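Model the full structure from these sequences, guided by the hints.
Protein chains: 2
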Amino acid sequence: MTTTDETTRNGVDTATLFATLDAVKAAPEAAKFQFRSSTEWVTGTHSRGTIHGFFGVGEERTHERSFTFDADHPAVLVGQDNGPTPVEFVLHALASCLTAGLANIAAARKVRLTEVRCTVAGDIDLNGILGLNPAVRNGYQDITVRFTVRGDAPADKLRELVEQSRERSAVYDVITGRVPVSIEVTTD
Amino acid sequence: MTTTDETTRNGVDTATLFATLDAVKAAPEAAKFQFRSSTEWVTGTHSRGTIHGFFGVGEERTHERSFTFDADHPAVLVGQDNGPTPVEFVLHALASCLTAGLANIAAARKVRLTEVRCTVAGDIDLNGILGLNPAVRNGYQDITVRFTVRGDAPADKLRELVEQSRERSAVYDVITGRVPVSIEVTTD
Numbered sequence: 016m017t018t019t020d021e022t023t024r025n026g027v028d029t030a031t032l033f034a035t036l037d038a039v040k041a042a043p044e045a046a047k048f049q050f051r052s053s054t055e056w057v058t059g060t061h062s063r064g065t066i067h068g069f070f071g072v073g074e075e076r077t078h079e080r081s082f083t084f085d086a087d088h089p090a091v092l093v094g095q096d097n098g099p100t101p102v103e104f105v106l107h108a109l110a111s112c113l114t115a116g117l118a119n120i121a122a123a124r125k126v127r128l129t130e131v132r133c134t135v136a137g138d139i140d141l142n143g144i145l146g147l148n149p150a151v152r153n154g155y156q157d158i159t160v161r162f163t164v165r166g167d168a169p170a171d172k173l174r175e176l177v178e179q180s181r182e183r184s185a186v187y188d189v190i191t192g193r194v195p196v197s198i199e200v201t202t203d
Numbered sequence: 016m017t018t019t020d021e022t023t024r025n026g027v028d029t030a031t032l033f034a035t036l037d038a039v040k041a042a043p044e045a046a047k048f049q050f051r052s053s054t055e056w057v058t059g060t061h062s063r064g065t066i067h068g069f070f071g072v073g074e075e076r077t078h079e080r081s082f083t084f085d086a087d088h089p090a091v092l093v094g095q096d097n098g099p100t101p102v103e104f105v106l107h108a109l110a111s112c113l114t115a116g117l118a119n120i121a122a123a124r125k126v127r128l129t130e131v132r133c134t135v136a137g138d139i140d141l142n143g144i145l146g147l148n149p150a151v152r153n154g155y156q157d158i159t160v161r162f163t164v165r166g167d168a169p170a171d172k173l174r175e176l177v178e179q180s181r182e183r184s185a186v187y188d189v190i191t192g193r194v195p196v197s198i199e200v201t202t203d
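If you read the protein sequences in the order shown, they are chains D and R. Under the numbering used here, the residues of the first sequence are numbered 16 to 203, in order. Under the numbering used here, the residues of the second sequence are numbered 16 to 203, in order.
Quick caveat, the hints were computed from the structure, so don't treat them as lab data. These numbers were taken from a predicted model, which means no experiment stands behind them. All C-beta atoms in this analysis are idealised placements derived from N, C-alpha and C, irrespective of residue type, glycine included. Wrong hints could be hidden among the right ones.
Said to hold, decoys possible - Quick list of the computed label-pair ranges, beta carbon to beta carbon:
id	chain 1	residue 1	chain 2	residue 2	range
1	R	S81	D	P169	29 to 39 Å
2	D	T159	R	K172	38 to 48 Å
3	R	A150	D	D37	15 to 25 Å
4	R	G146	D	T163	24 to 34 Å
5	D	R80	R	E21	38 to 48 Å
6	R	E130	D	P169	55 to 65 Å
7	R	T77	D	F33	38 to 48 Å
8	R	L147	D	T163	27 to 37 Å
9	R	A34	D	A38	50 to 60 Å
Stated by the list, open to error - Rough simulated footprint, nothing fancy, chain D against chain R, three-plus residues with beta-carbon under 8 Å:
id	stretch
10	22 to 35
11	108 to 115
12	145 to 157
13	161 to 168
What follows is the structure, given as structure tokens:
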């Protein structure tokens with residue numbers, strides 16, 4: 016095996032991962048990031064969002080390419096189904112965050128994963144957003160995540176990896192905690 | 016003008032919108048939806064999520080097509096930049112939710128919009144998810160939404176539309192409120 020093979024596990028370059036951790040320990044300011052998305056209304060409930068630039072490790076950066084995603088409502092919700100609903104993107108964000116964390120944590124703990132699947136389901140009562148029942152919240156009432164994880168470790172160890180991923184997940188924290196959101200409007 | 020022209024505003028068929036509201040008023044159970052995303056780990060921080068089926072108005076449904084989105088970390092976060100980070104999808108979800116709501120509300124209130132742009136920025140200190148500072152949360156510390164809205168109404172009215180969209184936004188509620196999330200793990 017080459018050096019790369021020895022330090023790369025689950026597709027994660029653990030040498031770089033640990034070096035990044037050491038670099039942030041030495042210079043905590045490097046960990047201050049700002050992520051952004053820019054959305055343009057198309058028509059009706061259809062909009063198009065672009066993700067490209069971000070700030071991190073002390074400077075403005077860009078993804079290697081610009082990512083563009085349409086969002087819409089399905090016909091049953093008076094849209095044209097040009098993309099997922101906004102609330103579905105939240106579920107995708109949660110699943111991908113927990114999955115990425117799991118792969119990183121498994122790599123750091125020397126567990127080789129062979130399969131990870133994650134399904135997320137969110138229950139929502141649209142009487143909230145439709146303004147028909149003030150006792151119903153606008154957002155999800157609950158979200159259930161179901162993981163299937165396989166790798167070269169006992170079941171208990173694999174469950175610990177998922178638990179640690181939950182413990183350190185940014186999107187899990189956004190959904191289960193409260194994030195202050197401010198809104199500014201320009202009309203001219 | 017045809018009947019369609021009279022009831023369609025901002026690309027929103029307001030007749031259908033109001034009919035949907037009446038239908039839900041008559042049968043509140045119809046508003047119980049479940050949305051889902053299914054994610055498969057690819058390698059490292061790279062995963063692929065699929066959004067297709069959902070439940071609503073009393074039955075299982077599917078989007079007209081299956082939507083697939085890759086998520087990853089950029090190189091500076093030890094990934095390969097095959098997609099946005101999970102936390103960026105959260106910002107996209109917020110912008111698209113507020114924008115869709117704005118178009119619907121404007122249509123219902125007989126305001127014709129000519130332009131809507133929405134940029135969302137989220138500040139996050141990765142000392143949280145890296146486990147380097149227990150005082151730092153994992154998720155965004157704050158999120159700022161900036162709207163540019165133009166249409167055939169005075170500035171105050173346009174601002175009211177944005178405020179009402181915030182008031183009825185599912186994703187805004189998920190981010191600013193707390194949603195319970197349960198996680199189940201299968202390992203065999």
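Next item on the list: Evaluate the given range 50 to 60 Å for the C-beta pair formed by A34 of chain R and A38 of chain D.
Entry: Hint holds: Cβ distance 58 Å, inside 50 to 60 Å.
Next item on the list: Determine whether the Cβ-Cβ distance between T159 of chain D and K172 of chain R falls within the hinted range of 38 to 48 Å.
Entry: With a Cβ separation near 41 Å, T159 of chain D and K172 of chain R satisfy 38 to 48 Å, so the hint holds.
Check: Using the C-beta atoms of E130 of chain R and P169 of chain D, is the stated range 55 to 65 Å upheld?
Finding: The hint (55 to 65 Å, Cβ to Cβ) holds, given that E130 of chain R and P169 of chain D are roughly 57 Å apart.
Item checked: Distance restraint hint 15 to 25 Å, applied to the beta-carbon atoms of A150 of chain R and D37 of chain D -> Taking Cβ atoms as reference, A150 of chain R and D37 of chain D lie about 20 Å apart, which means the hint holds.
Item checked: Claimed coverage, the stretch 145 to 157 of chain R by chain D - three or more beta carbons nearer than 8 Å -> It holds, with 10 qualifying residues against the three required.
Checklist line | Distance restraint evaluation - S81 of chain R, P169 of chain D, Cβ atoms, bounds 29 to 39 Å | finding: holds (35 Å)
Notebook entry, point to check: Do at least three Cβ atoms from the stretch 22 to 35 of chain R come closer than 8 Å to Cβ atoms of chain D?
Noted result: holds (count 7)
Margin query: For the hint 38 to 48 Å, verify it against the beta carbon of R80 of chain D and that of E21 of chain R.
Written below: Holds: the Cβ-Cβ distance is about 43 Å, inside 38 to 48 Å.
Notebook entry, point to check: Measuring from beta carbon to beta carbon, are G146 of chain R and T163 of chain D in 24 to 34 Å?
Noted result: holds (26 Å)
Notebook entry, point to check: Do the Cβ positions of L147 of chain R and T163 of chain D conform to the proposed distance bound of 27 to 37 Å?
Noted result: holds (31 Å)
Check: Measuring from beta carbon to beta carbon, are T77 of chain R and F33 of chain D in 38 to 48 Å?
Finding: holds (44 Å)
Check: Are there at least three residues in the stretch 161 to 168 of chain R whose beta carbon sits under 8 Å from a beta carbon of chain D?
Finding: With 5 residues close enough to chain D, the hint holds.
When the structure is compared with the earlier hints, no violation turns up for any of them.
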